[in-house]
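Undergrad: On the provided structure of chain E, position chain S as indicated by the hints.
Okay, here's what each chain looks like letter by letter:
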Amino acid sequence: MPETGRTKIVVPDRIQRGDTIRVQVLVQHPMDTGFFRDANANIIPAWFIKDVVVRYGDQEIATFEWTSGISRDPMVSFQLKADREAPLSFVTRDNRGNEFSGTAEIKFATT
Amino acid sequence: MSEPIERRNFLRAVGLLGAVAALEGATGAGRTLPAMLRVTRPGPDDPPIPNEAVQKIYDERFQNRPIQRGKVTLDMPTMAEDGRYVPVIIESELPMSAEEYVKHLYLIVDHNPDPLVTAFHFTPALGPVNLQTRIKMKRTSWIRAIAETSTGALWADYLKVETTLNGCG
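These protein sequences, in sequence, are chains E and S.
Counting from 1, position 82 in the first sequence corresponds to residue 993 in our numbering; the numbering is continuous, with no gaps.
Counting from 1, position 107 in the second sequence corresponds to residue 110 in our numbering; the numbering is continuous, with no gaps.
Chain S with its partners taken away, still in its complex shape:
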């Protein structure tokens, strides 16, 4: 008759894990427990081009011009409910003046069926880039936020976001 007790112990242990996960989620600390969505920043090398679809975007939009890291910050949560609703924040310190402004901003999810999830085209009528939106993710993937200024400079930030629930179908 030990089965019910084992079950109760198991449930208690799981409940405790849940509480710890909730706490760590709230404080943003700890990456040891499995989370539905986890974020990693790249090392010194940029994430490699993973497939032809992303290469095509680079060819069409950036024509193999150099892309520097910096001036743009991509922010995504350490945990989200599912791949259908993944919040994204993109900020930039680049100016928004008539002389120089962020003219284009691209958001690429490497392993989505259509990797160029959205592209923004701006004028200096807008304030400094501080955007929020919600996107879908099919699976764990590098995410690229790439800004092009009116002078032609390209600035980027990259995050690897782990997700388990397919939001694209």
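So that you can see chain E by itself, here it is in the shape it has in the complex:
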């Protein structure tokens, strides 16, 4: 799965300073529980994202604990106070030690 860990962050097209905006994040990951078997009856080993860190500029604004109880290709959306222009990054780490990240630029509309 070459795309594993690809992280997409969606923010509104036009943001005004001070807006509360919805941030939607999609991460490609199998999130395998370790309880399912493949077609040959072999156990599919547990493989899931455990830790999430959300950064806005140089500030760590949220962390999430995830388990294999989060659906395959995790989706999460939340509200952010867009009070400055800065990159918003979403960094995940899975139970195999892989780290993935995605970034969106929070920029204010000029008109």
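Nothing false has been slipped in among the hints.
Facing chain S, according to a computed beta carbon distance under 8 Å, are these residues of chain E, among others:
hint, residue
1, Gln970
2, Thr978
3, Met986
Which stretches of chain S does chain E cover? Using the computed rule of at least three CB atoms under 8 Å from a CB of chain E, they are:
hint, segment
4, 110–118
5, 132–146
Keep in mind the hints are simulated off the structure, nothing from the lab.
We put the beta carbon where it would ideally sit given N, CA and C, even for glycine.
TA: For chain S alone, coordinates are given in the frame of chain E:
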């Protein structure tokens, strides 16, 4: 030679049921037909702690502090395709200011192998809690959304969600 007609009647009846189910699903009305996933709110008593795994979460995260009902709303669909993808919405009217904010938010599915499905840790940089995500469910279970404010207060909402298709393995 009555068999094919009976079969046709049966299929027609099933088709009609399907149409009714689709209609009721669309309008959110009616809970009489079997659905793959149904939601129930608790009565005046909170759902009891069902097992040691959930008790352990309560001990570790809440230290037996009182948990009040309210200020947090857990929203899940009356019907979903299967237990592998169950949409969840959590909203809260609690403030997100430096003085008081939602510091932790826990989502517990009582009968999942790992009941603490996810925990969120916030700062006041975030807006009011209005979260969406997708979780797995093994079987019919109470779901608990429990918010802890920066002042240490605990607020919760509970739903019983019925599901037939095991999404956890």
